[in-house]
Amino acid sequence: MSTLEIKDLHVSVATDDGAKEILKGVDLTVRAGETHAIMGPNGSGKSTLAYAVAGHPKYEITSGSVALDGEDVLEMTVDERARAGLFLAMQYPVEVPGVSTANFLRSAATAVRGEAPKLRTWVKEVKEAMSDLDIDPAFAERNVNEGFSGGEKKRHEVLQLALLKPKIAVLDETDSGLDVDALRVVSEGVNRFRASGDVGVLLITHYTRILQHITPDVVHVFAGGRIVESGGPELAHELEKSGYVRFTGAAV
Amino acid sequence: MTEVAGLAPELEGAKKGQGESPIASASERFTSYDVEAFEVPGGREENWRFTPLRRLRGLHDGTAAFDGTATIAVSEAASGVRVETVATDDPRIGQGGVPADRVAAAAWSASKDATVVTLDGAPEPVTITVTGPGEGATAAGHLQLRTAPHAAATVVVEYRGSGALADNVEVVLGDGSRLTLVVTTEWADDAVHVGAQHISVGRDATLRATAVALGGDLVRISPTVNYRGPGGDAELAGLGFADAGQHLEQRLLVDHSVPNCTSNVLYKNALQSAKGATAHTVWIGDVLIRAAAENTQTFELNRNLVLTEHARADSVPNLEIETGEIAGAGHASATGRFDDEQLFYLQSRGIPEDVARRLVVRGFFGEILSRITLPELRERLEAAIEAELAVTGA
Ligand SMILES: Nc1ncnc2c1ncn2[C@@H]1O[C@H](COP(=O)(O)OP(=O)(O)O)[C@@H](O)[C@H]1O
Ligand SMILES: [Mg+2]
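Residue numbers (the working numbering), protein chains in the order written: chain A, 1 to 252; chain B, 1 to 394.
Next up, chain A with everything else stripped away, as it sits in the complex:
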């Protein structure tokens, strides 16, 4: 049973006018078996939360703590966090020229599993995972994310989720930019992951439509760099009807 515990997290980024505080005290606990949705307007700091947990060097933690099963995540390097069982599906996956997807996936699996997967079973495993997500096998030979469409990049993120089998996955707007079919495929991928074991999911989204495919246990409303309200799935329905006005004081 894994637990990700975020306590009073304050995060700043460096700007031309000095440090700017973006997260202003986030408290959140995600346990294995739970799916939490974080919903909030653009610019409220959702991606900042995701990046800060993953350890992106641009984001400075000024106070607070993040722990995975009691271990201090903030003391870990980015790759150590991943090997400890954290995964971030990025809102904007990065292109890595010169590195084939096949090579990348194998290197990542080798790192996370602590040993190189057996070639025979690995090839089969990748093939199946790709086919589950309607990814053309030819993508294996293409450079990581290079020239992928928005939707292809998102599927590729979920493919990694399936292969790397983290304990806690943070999915940052994995639904944005997807058409109806792609949204279904991606949601099924996430649901397969949820069903695969004792795992926790933190689903960051701007829209409610993905929640029709992936039912959250808890919905948090995020505004101004913190969680302003938490509730059950019914909170998402309210957001769908009334938007974020009640939480931000302005129509979004």
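Quick caveat, the hints were computed from the structure, so don't treat them as lab data. Accuracy of the hints is not assured; some may be wrong.
Claimed, not checked - Chain B side only, calculated, beta carbon under 7 Å to chain A, not exhaustive:
#1 Ser32
#2 Tyr33
#3 Ala37
#4 Glu341
#5 Gln342
#6 Tyr345
#7 Gln347
#8 Arg349
#9 Gly350
#10 Ile351
#11 Val360
#12 Gly363
#13 Phe364
#14 Ile368
Claimed, not checked - Label pairs and their calculated CB-CB ranges:
#15 B:Arg49 <-> A:Glu75: 47 to 55 Å
#16 B:Ser25 <-> A:Pro137: 22 to 30 Å
#17 A:Ala116 <-> B:Ala277: 34 to 42 Å
#18 B:Thr373 <-> A:Arg113: 27 to 35 Å
Even for Gly, the Cβ is constructed at its ideal location relative to N, Cα and C.
Chain B with the ligands: place on chain A using the hints.
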């Protein structure tokens, strides 16, 4: 990747072209066997402006004593391989080409004899090891590789050791022959090497050349390709890994003067600096298609991968076309940075930083290394590149 492109007016600071203005075209490039026919470069000349002359150990200005010897050793001669040491007035010497800069001419003048390796039939691969004169010494060298008509051969030339070397390598491909050539510069850290390669491609002959530049303090190699008859096909691939303080320079000229020939140039450099010790690569790719060279097909490409700060990659592709009747011609150049976002992405999948760098560099060079068909050599070079990567400096 940011696209960088620029045009280089070619070349020379030769006496013949005196005056302030550089000669405008590669087609007017001055050549001579006589070192005194070239002015001592001052550093502003188009063909010297990227090279740190102070580090040249006097190879360029007449102060190099040529007090040492570079040894040229040929792996046990298989059948179909003839190795000779000849005087430089041997009628074959010079068939590859004529020096086009002062260092090449100086090396030519200073070399009393030359090693000529002639390949006939389909011999086993030949390895030629050129060992520098040792730390503090300077040497000149002359090597000629010849393929007999319709021969098919593989030659590896490996440069090793210490000291300063100016040399000329002639590669004369007989009609209808095929040569696979790998040249590696795996010098010790102190070494300075200024090399000219004069490549003459016979009718219907094929050259598959791969250059691998790893070691040395300053290594500047200038291959020039000429075609003697139609149907010639030259592919020049290369990679360089410049680490802290290293200067690696590749200056290519492909001179299309006869019809129906093909050239393909693909060079990739990676740079990894440390603070206060810049890694510098220079790639100059000149392709000249003369009026007579109808139906030429040519493409040249340079890619640079900057792995750290304090690194500088210069890239100057230059395509001059004097005929309208070409089959195809193009060039491209791009310098990309392995940036923090890419590193973050790979690390966020559990991949440690050193493995991430290796992954990126291996992927980047794969296209070049895969052309080396000798598995042991390829594996050794792969390992050498990974060893360079491991030295991340301060
Ligand atoms: N690197 C950065 N430099 C400056 N401002 C940033 C940086 N990253 C994020 N921000 C700002 O922080 C706020 C939150 O951004 P983000 O976390 O991306 O929000 P969301 O994901 O909720 O849309 C925005 O106002 C954004 O402009
Ligand atoms: Mg965002």
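Tested hints:
no.: 1; hint: Ser32; result: violated (42 Å)
no.: 2; hint: Tyr33; result: violated (43 Å)
no.: 3; hint: Ala37; result: violated (44 Å)
no.: 4; hint: Glu341; result: holds (5 Å)
no.: 5; hint: Gln342; result: holds (5 Å)
no.: 6; hint: Tyr345; result: holds (4 Å)
no.: 7; hint: Gln347; result: holds (4 Å)
no.: 8; hint: Arg349; result: holds (4 Å)
no.: 9; hint: Gly350; result: holds (4 Å)
no.: 10; hint: Ile351; result: holds (5 Å)
no.: 11; hint: Val360; result: holds (6 Å)
no.: 12; hint: Gly363; result: holds (4 Å)
no.: 13; hint: Phe364; result: holds (4 Å)
no.: 14; hint: Ile368; result: violated (12 Å)
no.: 15; hint: B:Arg49 <-> A:Glu75: 47 to 55 Å; result: holds (50 Å)
no.: 16; hint: B:Ser25 <-> A:Pro137: 22 to 30 Å; result: violated (50 Å)
no.: 17; hint: A:Ala116 <-> B:Ala277: 34 to 42 Å; result: holds (35 Å)
no.: 18; hint: B:Thr373 <-> A:Arg113: 27 to 35 Å; result: holds (34 Å)
Violation of the numbered hints given earlier is confined to hints 1, 2, 3, 14, 16; the remaining hints are satisfied by the structure.
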